[in-house]
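A.B. asks: Chains as they are written, first to last, in numbering that gives the first Met the number 0: chain A, 0 to 435; chain B, 0 to 165; chain C, 0 to 75.
Since the hints were derived computationally from the structure, they do not count as laboratory data. A portion of the hints provided could be inaccurate.
In silico lysine-lysine, BS3-like type, Cα no more than 25 Å apart, as pairs [claimed, not checked]:
1) A:K64 <-> B:K139
2) B:K78 <-> B:K150
3) B:K165 <-> B:K100
4) B:K139 <-> B:K78
5) A:K64 <-> B:K165
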Amino acid sequence: MKTEKTNIKAALTIATAALLGGNTVAHAETTAAKEDNSWEFDSAFLFYSETDRVSASEVILNAKKSFEDDEILNLKLTVDALTGASANGAVAQPTVQTFTRPSGNGQYDIAPGDTPLDDTFHDTRVQLNAQWTQAVADNLTASGGVHISKEYDYLSLGVNGNIAMDFDRKNSTVSLGFSHFQDTFTPEGGIPKPFASMLIGDSSAPTWDDEFAKTRLGSDDDKTTTDLLLGFTQVINRRMIMQFNYSYSMVDGYLTDPFKILTIVDDNGIAQDYVYESRPDSRVKQSIYAQSLYHFDTNVLDVSYRYMWDDGEITSHTIDSRFTIPLSDSFSRESYIQPHFRFYQQSAADFYQPFILASEPLPVFASADYRIGEMTAFTIGLKYGLLVNNGHELSFRLEYYRQTPTDAGFDEPGVLKEVDLYPSVDAMIAQVSYSF
Amino acid sequence: MRYFLTKHLSLVVLFTLLFNVVCDAKATDVKAIEQVNSREALEQVLAQHKGEVVYLDFWASWCVPCRKSFPWMNAIQAKYQSKGFSVISVNLDANYNLAQKFLVENPASFTVIYDPKGKIAKHFAIQGMPSSMLIGRDGKIKQRHTGFFTKKIPEYQHEIELLLSK
Amino acid sequence: MNTGHKIKLALIVPLIATASGCTSLGVEPWERDLLAKDAMSLTSSPIDSALDDHIYFSKEASSGGKGFGGGGCGCN
Numbered sequence: 000m001k002t003e004k005t006n007i008k009a010a011l012t013i014a015t016a017a018l019l020g021g022n023t024v025a026h027a028e029t030t031a032a033k034e035d036n037s038w039e040f041d042s043a044f045l046f047y048s049e050t051d052r053v054s055a056s057e058v059i060l061n062a063k064k065s066f067e068d069d070e071i072l073n074l075k076l077t078v079d080a081l082t083g084a085s086a087n088g089a090v091a092q093p094t095v096q097t098f099t100r101p102s103g104n105g106q107y108d109i110a111p112g113d114t115p116l117d118d119t120f121h122d123t124r125v126q127l128n129a130q131w132t133q134a135v136a137d138n139l140t141a142s143g144g145v146h147i148s149k150e151y152d153y154l155s156l157g158v159n160g161n162i163a164m165d166f167d168r169k170n171s172t173v174s175l176g177f178s179h180f181q182d183t184f185t186p187e188g189g190i191p192k193p194f195a196s197m198l199i200g201d202s203s204a205p206t207w208d209d210e211f212a213k214t215r216l217g218s219d220d221d222k223t224t225t226d227l228l229l230g231f232t233q234v235i236n237r238r239m240i241m242q243f244n245y246s247y248s249m250v251d252g253y254l255t256d257p258f259k260i261l262t263i264v265d266d267n268g269i270a271q272d273y274v275y276e277s278r279p280d281s282r283v284k285q286s287i288y289a290q291s292l293y294h295f296d297t298n299v300l301d302v303s304y305r306y307m308w309d310d311g312e313i314t315s316h317t318i319d320s321r322f323t324i325p326l327s328d329s330f331s332r333e334s335y336i337q338p339h340f341r342f343y344q345q346s347a348a349d350f351y352q353p354f355i356l357a358s359e360p361l362p363v364f365a366s367a368d369y370r371i372g373e374m375t376a377f378t379i380g381l382k383y384g385l386l387v388n389n390g391h392e393l394s395f396r397l398e399y400y401r402q403t404p405t406d407a408g409f410d411e412p413g414v415l416k417e418v419d420l421y422p423s424v425d426a427m428i429a430q431v432s433y434s435f
Numbered sequence: 000m001r002y003f004l005t006k007h008l009s010l011v012v013l014f015t016l017l018f019n020v021v022c023d024a025k026a027t028d029v030k031a032i033e034q035v036n037s038r039e040a041l042e043q044v045l046a047q048h049k050g051e052v053v054y055l056d057f058w059a060s061w062c063v064p065c066r067k068s069f070p071w072m073n074a075i076q077a078k079y080q081s082k083g084f085s086v087i088s089v090n091l092d093a094n095y096n097l098a099q100k101f102l103v104e105n106p107a108s109f110t111v112i113y114d115p116k117g118k119i120a121k122h123f124a125i126q127g128m129p130s131s132m133l134i135g136r137d138g139k140i141k142q143r144h145t146g147f148f149t150k151k152i153p154e155y156q157h158e159i160e161l162l163l164s165k
Numbered sequence: 000m001n002t003g004h005k006i007k008l009a010l011i012v013p014l015i016a017t018a019s020g021c022t023s024l025g026v027e028p029w030e031r032d033l034l035a036k037d038a039m040s041l042t043s044s045p046i047d048s049a050l051d052d053h054i055y056f057s058k059e060a061s062s063g064g065k066g067f068g069g070g071g072c073g074c075n
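With the rest of the complex left out, here is chain A (with noise of 0.2 Å):
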């Protein structure tokens, strides 16, 4: 909350690179300065943290300028971080397993019972994002941005544009968007042959470099995400709002985790092999999302659902809600309390597979990367504003985030029986963040 009321020119949305790529849509919201010609920053450091898993550490520093007659500039920087382990695919077994790092150099070993976990994830990003809107009639609002983002062994580099249109007196809004998105990536270790053998042994021995490069395809490859997005908002009456979208994305390329492998198991579930996982090379993502937004008499309550489906038979159900809640001046300081609860659920991909049979033939495509397997998540979390310095705004949010994978319907011969296939996913998110 800020002591100058916000006029929504309209907002509008550029999408960021994920840690690993791809695209998600991040908002460089629009509204107007206080007075023309200034500057206003938002900056934000967020800590996440996985039990015995990953961590990672983001800032973001965002700069706004409004010139005459809600001309927009906004610039934002990220930087991300992130170490810690992750799972590789393979599933635990009643034994040690040795595995081989991404790059080759190097093998690490997993304790009896334990989820094989890879922990030489340790990266740094760098993304900027620039975005310009203004109107181009009356009652039409135009936005266009560029995207860049770099790591290691990552870089994106995208586009956006996006027009809204308002009708009845600005009561309805329809708006358009599209952007598109250019990955390469060059992971270490390079391209894995899909359903290559993972070769384990001395990285050090002389015919060590030729065998492992025989397991590889190459040193990179890329990938082109493009989205579309069909909006509708409408005010319902002076406490209510509600919004409406339909959105299409395309992604072609090279789609898989050349970090992620799985395992091959006899019919006692004793492993006999590790393979490079394969995923098919486009997906098509359609979702519908719906977000109402209610002021009771000081609480203000948001609520969206979003229904995601794609060509890789995954599925998902997302339902969000906030609930804003202004606490009385004490200290004579403006602040809210705001809780948070999301829950998510997904179905499995078509080419997810914990684990792959020897007696089987090999599939087409395979991952277990539990990311895209059956799953249930919850978010409970709390955040705390205040207004503090002129009309500077502190707050503060911590979150607790558990992800549940669970079967989908694969049979778990002999000691996999005994095993966790489907381990549970723990993390802690607190954020401090400070506009001024």
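Since the structure of chain A is provided, determine the placement of chains B and C on it from the hints.
C.D. replies: Chains B and C only, in chain A's frame:
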């Protein structure tokens, strides 16, 4: 299976709730202190300025472009007053305190009439915020503007000068 | 009907019922005081939203879908 039912049930409940809420009466829960009928107040003020060119402006504390228009309205009030010109503003805040807070941060050297229930705005069929109208010396509306654009200030001033010359 | 179609119907039917059941939707331009508040904007915190989208894109198989445009004070 339980997830399936819970999810669908909560969706149905959610939408039933929304459905009921949506068809509620609109904007009748506005609390405001209105001592004088706002339309009568405006008629009285306009009568006082009969024969003058009047710039009638509609504003509210939550309207950001209104913040930009106030310094300019103070300036034209000072500049053209001697030629028979007045700025009269109509405040549309449902909450009187918010209007006062705005006036502390953005002082007005011109008249403010309070219309918390929007009766004046409705009478003039205001299409957007802010809105302004230029009333000629003959008491008739000559110009209507929706929105306030600093780029159009020369245009606004030209229109005023044209009416003042009559 | 498969689950997907049921979901779509569950969303669309109330929407049409809502829209047709009420005689008018929307407010006069001067009745947007509550809609103009930060807490009533479709994305009340773009930074939180960007951070969250990044997390969920990395850990789940879905992304995006949210939109832009409309709401707020409706000024200019």
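A.B. asks: If a hint holds in the structure, say so; if it doesn't, say that too.
C.D. replies: Here's how the hints hold up against the structure:
1. A:K64 <-> B:K139: Violated. K64 of chain A to K139 of chain B sits at ~40 Å, over the 25 Å cutoff.
2. B:K78 <-> B:K150: Given that 25 Å is the threshold and the Cα spacing comes to 19 Å, the pair holds.
3. B:K165 <-> B:K100: With Cα atoms ~38 Å apart, K165 of chain B and K100 of chain B exceed 25 Å; violated.
4. B:K139 <-> B:K78: Holds, because 22 Å separates the two Cα atoms, which is no more than 25 Å.
5. A:K64 <-> B:K165: Violated. K64 of chain A to K165 of chain B sits at ~42 Å, over the 25 Å cutoff.
Comparing the model with each numbered hint stated earlier shows that hints 1, 3 and 5 do not hold.
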